[in-house]
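Chains A and B supply the protein sequences, listed in that same order. Position one of the first sequence corresponds to residue 1 (the working numbering), numbered consecutively onward. Position one of the second sequence corresponds to residue 442 (the working numbering), numbered consecutively onward.
Rather than coming from a laboratory, the hints here were simulated on the basis of the structure. No residue lacks a Cβ here, since even glycine has one placed at the ideal position from N, Cα and C. Heads up, some of the hints might be wrong.
[As the list claims (entries may be wrong)] Once the Cα atoms are required to be at most 20 Å apart in a straight line, the calculated EDC-like pairs of lysine to aspartate or glutamate come out as:
hint : chain 1 : residue 1 : chain 2 : residue 2
1    : B       : K444      : A       : D254
2    : B       : K456      : A       : E188
3    : B       : K444      : A       : D93
4    : B       : K444      : A       : D107
[As the list claims (entries may be wrong)] Stretches of chain B that chain A covers, calculated by requiring three or more beta carbons in the stretch to come under 8 Å of a beta carbon on chain A:
hint : segment
5    : 447-456
6    : 472-483
7    : 503-511
8    : 602-613
9    : 753-766
10   : 902-914
11   : 935-941
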Amino acid sequence: MALDSAKYQALYRAILPQRFPSIAMADVLSATENSAATDGAVPTAADTDEIRRLLHDCKVLVVGAGGLGCELLKDLALSGFQDLHVIDMDTIDVSNLNRQFLFRLSDVGKPKAVVAAAFIENRVQGAKVTPHYAKIQDMADDFYAQFQLVVCGLDSVEARRWMNAYLVGQADLANPDTIKPMIDGGTEGFNGQARVIIPKITSCYECSLDLFKKQMVYPICTIANTPRLPEHCIEWASVIAWPDHFPDQPVDTDNPKHLRWLYTSASKRAEQFGIRGVTYTLTQGVVKNIIPAIASTNAIIAAACANEALKLVTSCHLHLDNYMMYTGTEGVYTYTYAYSRRADCPVCGQESKHLTVAPQLTLAELLDLLAESPDIQLASPSLRSAHTNRSLYLQAPPQLEQRTRPNLSKPLTELMESGEEIIVTDRRLPIYLSLVVSFSP
Amino acid sequence: MDKTQRYDRQLRLWKAHGQARLEAARVCLLQATAVGSEVLKNLVLPGVGGFTIVDDQAVAPSDLGQNFFVTTQEVGQLRARVVTRHLKELNEDVQGQAVVEDPFTFAQTNAEALLAHSIVVATNFPCAHLLPLAALCWEHRIALVVANTAGFMGYIRVQVPEHTMFETHSNQSHDLRLDCPFPALHTFADSFNVDCQDSMAHGNIPSIVLLLHFLKRWRDKHPTQTALTYKDKKEIKSMIEQAVRNPNEENFEEAAQNAVQTLHKTETPDQVKRVFEHRSCKNLHASLNPAPFWILTRALADFVQEDPNGLLPLAGSIPDMKTDTQTFVQLQALYFEKAEEDVCKVRHHVSRLLTELDLPPNTVPDDDIRLACKNAVNLRVQWGTSIASERNKTLATDDLAVEDNFLWYLAFQTHTLYTGRDPVTSETVEHEVEQLLGKLDNSTSQQLRAHPEPLSSRVHYTLNHGDTELHNLAAWVGGVVAQEVVKLITHQYVPLANTLVVNGVDSTTQSFSL
Numbered sequence: 001m002a003l004d005s006a007k008y009q010a011l012y013r014a015i016l017p018q019r020f021p022s023i024a025m026a027d028v029l030s031a032t033e034n035s036a037a038t039d040g041a042v043p044t045a046a047d048t049d050e051i052r053r054l055l056h057d058c059k060v061l062v063v064g065a066g067g068l069g070c071e072l073l074k075d076l077a078l079s080g081f082q083d084l085h086v087i088d089m090d091t092i093d094v095s096n097l098n099r100q101f102l103f104r105l106s107d108v109g110k111p112k113a114v115v116a117a118a119f120i121e122n123r124v125q126g127a128k129v130t131p132h133y134a135k136i137q138d139m140a141d142d143f144y145a146q147f148q149l150v151v152c153g154l155d156s157v158e159a160r161r162w163m164n165a166y167l168v169g170q171a172d173l174a175n176p177d178t179i180k181p182m183i184d185g186g187t188e189g190f191n192g193q194a195r196v197i198i199p200k201i202t203s204c205y206e207c208s209l210d211l212f213k214k215q216m217v218y219p220i221c222t223i224a225n226t227p228r229l230p231e232h233c234i235e236w237a238s239v240i241a242w243p244d245h246f247p248d249q250p251v252d253t254d255n256p257k258h259l260r261w262l263y264t265s266a267s268k269r270a271e272q273f274g275i276r277g278v279t280y281t282l283t284q285g286v287v288k289n290i291i292p293a294i295a296s297t298n299a300i301i302a303a304a305c306a307n308e309a310l311k312l313v314t315s316c317h318l319h320l321d322n323y324m325m326y327t328g329t330e331g332v333y334t335y336t337y338a339y340s341r342r343a344d345c346p347v348c349g350q351e352s353k354h355l356t357v358a359p360q361l362t363l364a365e366l367l368d369l370l371a372e373s374p375d376i377q378l379a380s381p382s383l384r385s386a387h388t389n390r391s392l393y394l395q396a397p398p399q400l401e402q403r404t405r406p407n408l409s410k411p412l413t414e415l416m417e418s419g420e421e422i423i424v425t426d427r428r429l430p431i432y433l434s435l436v437v438s439f440s441p
Numbered sequence: 442m443d444k445t446q447r448y449d450r451q452l453r454l455w456k457a458h459g460q461a462r463l464e465a466a467r468v469c470l471l472q473a474t475a476v477g478s479e480v481l482k483n484l485v486l487p488g489v490g491g492f493t494i495v496d497d498q499a500v501a502p503s504d505l506g507q508n509f510f511v512t513t514q515e516v517g518q519l520r521a522r523v524v525t526r527h528l529k530e531l532n533e534d535v536q537g538q539a540v541v542e543d544p545f546t547f548a549q550t551n552a553e554a555l556l557a558h559s560i561v562v563a564t565n566f567p568c569a570h571l572l573p574l575a576a577l578c579w580e581h582r583i584a585l586v587v588a589n590t591a592g593f594m595g596y597i598r599v600q601v602p603e604h605t606m607f608e609t610h611s612n613q614s615h616d617l618r619l620d621c622p623f624p625a626l627h628t629f630a631d632s633f634n635v636d637c638q639d640s641m642a643h644g645n646i647p648s649i650v651l652l653l654h655f656l657k658r659w660r661d662k663h664p665t666q667t668a669l670t671y672k673d674k675k676e677i678k679s680m681i682e683q684a685v686r687n688p689n690e691e692n693f694e695e696a697a698q699n700a701v702q703t704l705h706k707t708e709t710p711d712q713v714k715r716v717f718e719h720r721s722c723k724n725l726h727a728s729l730n731p732a733p734f735w736i737l738t739r740a741l742a743d744f745v746q747e748d749p750n751g752l753l754p755l756a757g758s759i760p761d762m763k764t765d766t767q768t769f770v771q772l773q774a775l776y777f778e779k780a781e782e783d784v785c786k787v788r789h790h791v792s793r794l795l796t797e798l799d800l801p802p803n804t805v806p807d808d809d810i811r812l813a814c815k816n817a818v819n820l821r822v823q824w825g826t827s828i829a830s831e832r833n834k835t836l837a838t839d840d841l842a843v844e845d846n847f848l849w850y851l852a853f854q855t856h857t858l859y860t861g862r863d864p865v866t867s868e869t870v871e872h873e874v875e876q877l878l879g880k881l882d883n884s885t886s887q888q889l890r891a892h893p894e895p896l897s898s899r900v901h902y903t904l905n906h907g908d909t910e911l912h913n914l915a916a917w918v919g920g921v922v923a924q925e926v927v928k929l930i931t932h933q934y935v936p937l938a939n940t941l942v943v944n945g946v947d948s949t950t951q952s953f954s955l
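Just chain A, same shape as in the assembly (with noise of 0.2 Å):
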């Protein structure tokens, strides 16, 4: 369900120069549409008064101090951006040195964003960095209102999926200020991907939400009964063996007596069934969802994303409209294009989300959908009518998720009529989702 991009161009244009006034010139504009090459003044360093003034001006929030971050505060900090943030909630550890730059092995232990602001500052003269070794749930609105532009360099759907939600659901198109853009970098193994987001101008995060893939889910009656892969033994050691030893105690994933624990019982369930291929490195990987990084790629997209922000905040060139994937592969590939919006983005869309499910369809499987529907997964969703603002189940707290609970086993046309709009949240993320269930006949 695409829109016109052409409507949003428009609107674009219309609003940004307020937030980003550089970008009002717009012979600059016309002028690097037609010919990048015409104009021969590029902001080296420090070009031209008017670039330092802008990139002096512009406060920019980096989100992760990890492999990205560390290259985006680099990239960020030698383009001539002088107030930079970083906010990451983790600490050094030593799987980070074969990528994150700014850490050596005596940091390990220590919080990842006061190391890296530091080193950035010793650095790089002139470059202020502010660290904020927190969650970026945790931090209140007049922290994230401060800024001009976010950037983006996390390893977790979640969290960018929570920035993102965050980002559009302050943005107002009457007030230019509340419009923050958010250029978002990630990479796995060889390939990765960068793009820019206007909130409510451009598509979002969520809107391409089912081009990511979702991580591996094993069912859950293979792992108790038939175990058939080395996987299956490392997930039955952590989700059925480890409660059972330990309920008072959840796994931590960090903890290497815990991973030592689950490695050593995954591998006697393999031997028992005959299973082959239980290995410390694969139980780690299975246990903690590790994704393979290497420094290259996040050479390549933190800076393609830092050269967004330079292009965004002194519209020396126009900047990527919106997506840019990179393959490292198989030669170099790298396809870049406009995502468009979508009109029933449970985030920046306008529209409801139409749903055709069969009558007798209880709650619950109804909660299962929304979370494996790969353009929704909400996986905590609470639902209430819209019409009578009934609710239909809560999340939280305790005692309403206790009296909405019984609806759960219950069909759904005891809980509404069909063609119904229903508002979904999610307590995880700052989503609120119109969803129209109609029954199919």
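Fit chain B to the given chain A structure using the hints.
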């Protein structure tokens, strides 16, 4: 320091044997530019064996805004030493060496030292010095990667005479041999009764067995046909769908879903056949000191010759499928054992060849034989072209010439030719454009002569920005070059063949085989 911990996130890609190759490699960087320093950063972090930086400049104030591996306090010190010192901090296992000499003439003055490296990276190199360097590397079969940036634009050229690969990591479907089941698989499949009454047993027949069974049933009806068409596969698919007893039979669902994809003819890929036909394989015995790769390739070719179906060794792995544990493990073992038999045969060919060649038995390690067998369908060789031949070639690219990134490629050819630091005059640009047009075939050059502005403005741009580096472009190009170096060193994944333009204005890249 536990290396498996430190390198965990990359070992998951190129495994311990890829890492061993990386740790045995030495990279030589000519010119400690921003882009060059970024390349080395991305190689020191994953633990390349060692690097050498050849550079005779002092750190200049202009380096500060471009290169992360120099500081204000170090202005005036020798750039090779400063960058080496900062890079070595990133990984204490990496050997780093600074050589304070003219990087442009190093190939002539110190050829021996240069050739002691596994790979050479030359950055922002003027043409006059690039050609002798490229010729030396080509002659000695050492990989050379050239990387230049100008403003928002980047250019990469990989020069490798011959690059050999087994582990391309190309997405390959599992090698199941459903069209020509080996005897043990045949017997195993026959041991199932697909019409059995027991619903539990019926729902546990693995999809591979179902596919074999329904294929056989279909063949009984169409005895004369050999190769399956798309329509035939769809027919088999619907036969399977009709045999489902209840919607819970996931094994049938799986078989139907995979029918079209898995019921293909097992063949030796054309690109593998081409490698078998190459003289290094066919005339193995004629070469003086054949590389282990070619001995393995010849052993595989001999294996295919002997194989009753004319096929490559079996890879030996199967995907997960809906069935009980015991059946799956049995099935997995069948494929595994057949693959082991094939490895054994290839091993015999290798030892025979080594005897014939009068080479010691350990010339080809057993692990390499296994890797070759497992990845036989991905066997691949890239034969490169030299930079010298590219310079002398007439480019006939009617349709490409109008493309923006091809013009940028051309503009970088002047950039590399341009050695002076004088102001760029319109005469210089005109002269350079004229030179470039001479490299093109008639129709392309006429086309560009009619509308010279796109090319001349780009030539002006590269000449104008050849001396300064934008850090973002240096980091981007440095990242791509490091990926290429890793691919070349580990012989895993597929390197760029052979030229890339990185366009930071449009956020695109384009590769060219020149």
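Practice prompt. Tell me if chain A covers the segment 753-766 of chain B under the three-residue, 8 Å CB rule, please?
Written response: holds (count 5)
Worksheet item: Three or more residues of the segment 472-483 of chain B near chain A by CB distance under 8 Å?
Response: This one holds; 3 residues, not fewer than the three required, reach chain A with a Cβ under 8 Å.
Worksheet item: the segment 503-511 of chain B covered by chain A? Criterion: 3 or more residues, Cβ-Cβ distance below 8 Å.
Response: Contact hint for the segment 503-511 of chain B vs chain A: holds, 5 residues under 8 Å.
Practice prompt. Apply the coverage criterion to the segment 602-613 of chain B and chain A: a residue qualifies when its Cβ sits closer than 8 Å to a Cβ of the chain, and three qualifying residues are needed.
Written response: Coverage by chain A holds for the segment 602-613 of chain B (3 residues, Cβ < 8 Å).
Practice prompt. Compare the distance between the alpha carbons of B/K444 and A/D93 with 20 Å, and conclude whether the hinted pair is satisfied.
Written response: holds, 13 Å
Worksheet item: Is B/K444 within 20 Å of A/D254, Cα to Cα?
Response: Holds, because 18 Å separates the two Cα atoms, which is no more than 20 Å.
Discussion item. Next pair to validate is B/K456 with A/E188; report whether the Cα-Cα distance is within 20 Å.
Written reply: Distance ~16 Å between B/K456 and A/E188 Cα, so the pair holds.
Worksheet item: Checking C-beta pairs, does the segment 935-941 of chain B have three or more residues closer than 8 Å to chain A?
Response: holds (count 5)
Worksheet item: Do at least three Cβ atoms from the segment 902-914 of chain B come closer than 8 Å to Cβ atoms of chain A?
Response: holds (count 8)
Discussion item. What's the verdict on B/K444 and A/D107, does the C-alpha distance respect the 20 Å limit or exceed it?
Written reply: holds, 17 Å
Worksheet item: Within the assertion that chain A covers the segment 447-456 of chain B, do at least three residues meet a Cβ-to-Cβ distance smaller than 8 Å?
Response: holds (count 8)
Checked against the numbered hints given earlier, the structure satisfies every one of them.
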